[in-house]
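Q: Taken in sequence, the protein lines are chains A and B.
Sequential numbering from 33 applies to the first sequence in this note's numbering.
Sequential numbering from 176 applies to the second sequence in this note's numbering.
It should be emphasised that the hints constitute simulated quantities derived from the structure, not laboratory data.
Treat the hints with care, since some could be wrong.
[As the list claims (entries may be wrong)] Far from chain B, by Cβ distances over 12 Å, these chain A residues were calculated: (1) P99; (2) E100; (3) G115.
[Stated by the list, open to error] Calculated pairs, DSBU-like style, for lysine-lysine (alpha carbon to alpha carbon, straight line, at most 30 Å): (4) B:K296 with A:K215; (5) A:K215 with A:K144; (6) A:K144 with B:K296; (7) A:K215 with B:K361.
Each residue gets a CB set at the ideal place from its N, CA and C atoms; glycine is no exception.
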Amino acid sequence: MAQTLIENHLPSYANARVVPRAYWNPYLTGVLLGLVLLATYLATGRGLGATGAFGSIAAWLAGLFAPEHAATNLVHARYWNDGAPLESWTLFLLLGAFVGALVSGVAGHRAKLGIERGPRVTDGQRLALAFVGGFIAAYGAKIAKGCTSGQALTGGAIFNVGSLVFMLAVFASAYALAYFVRKEWL
Amino acid sequence: MFPLTSYHEFSLAADLAIAVALGFGFGFCLERAGFGSARKLTAVFYLYDMAVVKVMFSAIVTAMAGIFVLSSAGLLDVREFYLEPTNLAAQALGGLVFGAGFIIGGYCPGTSVAAMATGRKDGYSFALGMLAGVFAYAEFTPGIDAWIRDTAQGAMTLPSITGIGAGWWVLAFVAFLAFAGWGMRKLETRFANLRPRAA
Numbered sequence: 033m034a035q036t037l038i039e040n041h042l043p044s045y046a047n048a049r050v051v052p053r054a055y056w057n058p059y060l061t062g063v064l065l066g067l068v069l070l071a072t073y074l075a076t077g078r079g080l081g082a083t084g085a086f087g088s089i090a091a092w093l094a095g096l097f098a099p100e101h102a103a104t105n106l107v108h109a110r111y112w113n114d115g116a117p118l119e120s121w122t123l124f125l126l127l128g129a130f131v132g133a134l135v136s137g138v139a140g141h142r143a144k145l146g147i148e149r150g151p152r153v154t155d156g157q158r159l160a161l162a163f164v165g166g167f168i169a170a171y172g173a174k175i176a177k178g179c180t181s182g183q184a185l186t187g188g189a190i191f192n193v194g195s196l197v198f199m200l201a202v203f204a205s206a207y208a209l210a211y212f213v214r215k216e217w218l
Numbered sequence: 176m177f178p179l180t181s182y183h184e185f186s187l188a189a190d191l192a193i194a195v196a197l198g199f200g201f202g203f204c205l206e207r208a209g210f211g212s213a214r215k216l217t218a219v220f221y222l223y224d225m226a227v228v229k230v231m232f233s234a235i236v237t238a239m240a241g242i243f244v245l246s247s248a249g250l251l252d253v254r255e256f257y258l259e260p261t262n263l264a265a266q267a268l269g270g271l272v273f274g275a276g277f278i279i280g281g282y283c284p285g286t287s288v289a290a291m292a293t294g295r296k297d298g299y300s301f302a303l304g305m306l307a308g309v310f311a312y313a314e315f316t317p318g319i320d321a322w323i324r325d326t327a328q329g330a331m332t333l334p335s336i337t338g339i340g341a342g343w344w345v346l347a348f349v350a351f352l353a354f355a356g357w358g359m360r361k362l363e364t365r366f367a368n369l370r371p372r373a374a
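Work the whole structure out from these sequences, hints included.
A: What follows is the structure, encoded as structure tokens:
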């Protein structure tokens, strides 16, 4: 089924000399990701998570200027870890994720400096929107106490009702707004 | 026997090494699925490429089935699992806000790491925005955290609130995935014209 093999679009880079390889089948990759999630549960009793790493870095940054404040702020305090906020499990998880994605990307000829956007926005607009989107996503993840990894995947796998509600809300919101930002992507 | 951390004392170094190893698999899978690419991720919201749902759903179903089988076999004690307390209002509101950030920014926290690893400058921009957002949340609106804690409803799972056993829920999710797979193929055909031309 050639259609399945090339069902993934290739990112359009201006001067791509090497043709990026097609992504793996999504169901197969999902099963693999599920096994990683299962292994994480078997090892630690907690699932995956990504937002916590950003919380650790934020607490560390706050601590550089005002350690007292970082230790007592209601939010920073949870990541302060007695003055060693960078010794964070989730932060090391993301370090590993960076390396894993790099290895996968290089092997698939997909690692290349560039900016992902549709043809109807400029690079500058896209970078600004990415920053704004990141800021908003951070707020959402803090309010929901987790993101796509920490709530949807991790909580979903153990039937956590709040996680399933979170996942439905994420998709509802993004589908509702997709029309308004279509120029950024299509 | 599992989870390991409930039966073994790991040193900090060992604990963090486990994190790096699992993270490697996490990042590798995300990139293989195409999730280092914002256009691949947001494609799900324009219905021409449903890979995000396919990958997420298969991952959830695989992990839930594995957990069910291992705990039924007595190898895994799910009572040791950390279960984030449910707070329906906070999680619905957080999800709505998060979804907006996702479609505007093009990534989520984990996938922005895969994007950065493969050279996407917009991935770096998103991650910086995340960091700024997390920082602002802690500095300016810590009261939200107190509200979430005080209004939490506690542990709620589908088996616990419905009285229907986990095994039946696993079967239901598998059946739903099969049905959704059929539906998603229809959608992808119907909206194929939105797909960008390959470079």
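Q: Each of the hints needs a verdict: does it hold here or not?
A: The hints, checked one at a time:
1. P99: 14 Å, holds
2. E100: 14 Å, holds
3. G115: G115 of chain A clear of chain B: closest Cβ-Cβ about 14 Å, beyond 12 Å.
4. B:K296 with A:K215: Judged against 30 Å, a Cα distance of about 19 Å means the pair holds.
5. A:K215 with A:K144: With a Cα-Cα distance of about 23 Å, the restraint between K215 of chain A and K144 of chain A holds, given a limit of 30 Å.
6. A:K144 with B:K296: Roughly 10 Å between the alpha carbons, so the hint for K144 of chain A and K296 of chain B holds.
7. A:K215 with B:K361: This hinted pair holds, its Cα atoms lying about 24 Å apart.
Consistency note: the structure conflicts with none of the earlier hints.
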